[in-house]
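> Got chain A; can you put chain B on it based on the hints?
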Amino acid sequence: MDVDVLLKKPLKILLCDNPVIEDFFSSFQIEAGREEKSFEGLVRELTDGFWEENTTNPREFVSMFKDFVTGVYALENTLKIESLDVLSGYDKYKKQEVCNLHLKPGEITCVVGPTGSGKSRLLEDIEWLANEDTPTKRKVLINGQQCDNNMLAQYGGKLIAQITQNMNFVLDMDVEGFLMLHAQSRFLPNAELVVKEVIDLANDLSGESFTADTPVTFLSGGQSRALMIADVACIGQAPVVLIDEIENAGVNKKKALDLLVSKEKIVLMATHDPLLILLAHKRVVIKNGGMHKIINTNEHEQKLYCELERLDHMLQTAKDFFRNGNGLKAGDSLLKFNYD
Amino acid sequence: MIKLITVAGPPSSGKTSVIIKTIESMEGLNEGCGVIKFDCLSSLDEEQYKKNGIMANTGLAGNLCPDHYFVSNIEACFSWANENRLSTLVTESAGLCNRCAPHLKEVFAVCVLDNLSGINTPLKTGPMVKMADVVVVTKSDLVSQAEREVFRFKIQMVNPGCTVLFVNGITGQGADRLAMMWQGAKVLNTTENLKLRFSMPAALCSYCLGETRVGEDFQIGLNRKIKL
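Chains A and B, in that order, give the protein sequences.
Last residue of the first sequence: number 340 in full-length UniProt numbering, and the count goes up by one each step with no gaps.
Last residue of the second sequence: number 228 in full-length UniProt numbering, and the count goes up by one each step with no gaps.
Isolated chain A (complex conformation) (with noise of 0.2 Å):
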């Protein structure tokens, strides 16, 4: 974007085309919404006052709006990414790690180990785009190729959305305009169409339904989660989603995972529940803090997914018929629960 163009626009058109670059103008108290001036017609009307007001002047302004400008447009850029990959380093033993790991897009991967074995410290390596320069000494391709400085102030600590248990929504605003407030952070062209879509979205996910205008802080766990995760899926930035043991959440979790693998993302998921992780194409196993094995999810695995299903759904139905206040009585046996 060519910012000496922006200053010569009338104010009026440039706010209609770049509505973000109002606040700009609002932390400066000027209503430029309805100018027919352009920024540098602004600059030369605005007043002593204003100049001794914000203790600057008129040189300093204009670098300030144009650093504002290009600033917030760095931010757009976002990485197409086609592979990545985790090269081994060492574990807490400072023994070589003994594989390697690569993700690609579209693909569900978990994350197994016991608590502390080091799976957070895996995903910080990611994060951090990690150079050979943290603890682990582990090394970070994206598309092949190791990230230079460049890179790393672009996209060091965007590659990665996370969904944990423990998060939740805390501004005090409606789905419809916490949604349109992301959308505009993220410059989507079409934001009230993504913004719809996300509400669809997480209705479907969720089975208990809520509307654009219910606060976000209202929502249910269950609505929380879904409504987090359609939101990474559609508007977040991150290449790389990361879930944290959303077992419990009222979330169809199959449906979420798909909605994931449909858009693109790479899936890391940190859980301990099977269904999860036969549902993923592979698994690393973390152990001592280093990557210790990379499993691929085979058939004989795929086919005792449904098996596995089964035994779930039979708990979930018991679970429902005792919450219910109903009893079993001499002679009923388990199978009551089943389905065929």
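Simulated from the structure, these hints should not be mistaken for laboratory data.
Positions of the beta carbon are idealized from the N, C-alpha and C atoms, including for glycine.
Some hints here could point you the wrong way.
[What the hints assert, rightly or not] In silico PhoX-like links for lysine-lysine, alpha-carbon gap of 25 Å or less:
| no. | chain 1 | residue 1 | chain 2 | residue 2 |
| --- | --- | --- | --- | --- |
| 1 | A | K9 | A | K119 |
| 2 | A | K66 | A | K137 |
| 3 | A | K80 | B | K139 |
| 4 | B | K139 | A | K66 |
| 5 | A | K158 | B | K225 |
| 6 | B | K154 | A | K12 |
[Claimed, not checked] Non-contacting residues of chain B with respect to chain A, defined by C-beta distances greater than 10 Å in every case (computed):
| no. | residue |
| --- | --- |
| 7 | K50 |
| 8 | H68 |
| 9 | D133 |
| 10 | S144 |
Here is chain B on its own, set in the frame of chain A:
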């Protein structure tokens, strides 16, 4: 030969925890690193630093403006660090009216913000955010990804050139990145020629001098009237 780092942020945003985790996360940073906490009325943070084996001291501004107090004492802090043979000196100060910032030119400047504190906090916090090299966001493990992204966006609107780091003050996640940046901070030989990044308010009125009575007659000096 001291690396000076200024850390500022609203009260209870997690400055102390971030500093402790950052110092702990880097081997060798603990030795030769000291913290001076600037506060207004009281502070218990010195004890918290000491409990974690970090050399610390406190400066209470009392009835003075804490940012003025900071800038008139930074040289003394530097000497303290020299006497104690420190290689890194961190100053921690709570921003109060958000009008000023303790950030100095060519001195590594950190601002700490709380992700729970509302979407407009970056805008309201003024020069503390605007003049910082790094803005650290705490407590972001408790909010949604979307809120994190919007918060980052709001920070970059105020300060397009800064690095935004999400640090968990409890687990220390993300602190090692901050530590790495501290290690790259410029080494100072002296406090001569140090300059504030942002000037302090152009104000000296009767209330600065202890006036308590309300009313036009008692207002001497620089005053500004509200436009309603």
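> Hint by hint, note whether the structure agrees.
So, going through the hints one by one against the coordinates:
no., hint, result
1, K9/A / K119/A, "violated (51 Å)"
2, K66/A / K137/A, "violated (39 Å)"
3, K80/A / K139/B, "violated (29 Å)"
4, K139/B / K66/A, "violated (32 Å)"
5, K158/A / K225/B, "violated (45 Å)"
6, K154/B / K12/A, "holds (22 Å)"
7, K50, "holds (26 Å)"
8, H68, "holds (16 Å)"
9, D133, "holds (13 Å)"
10, S144, "violated (5 Å)"
Against the hints set out earlier in the document, violations occur for numbers 1, 2, 3, 4, 5, 10.
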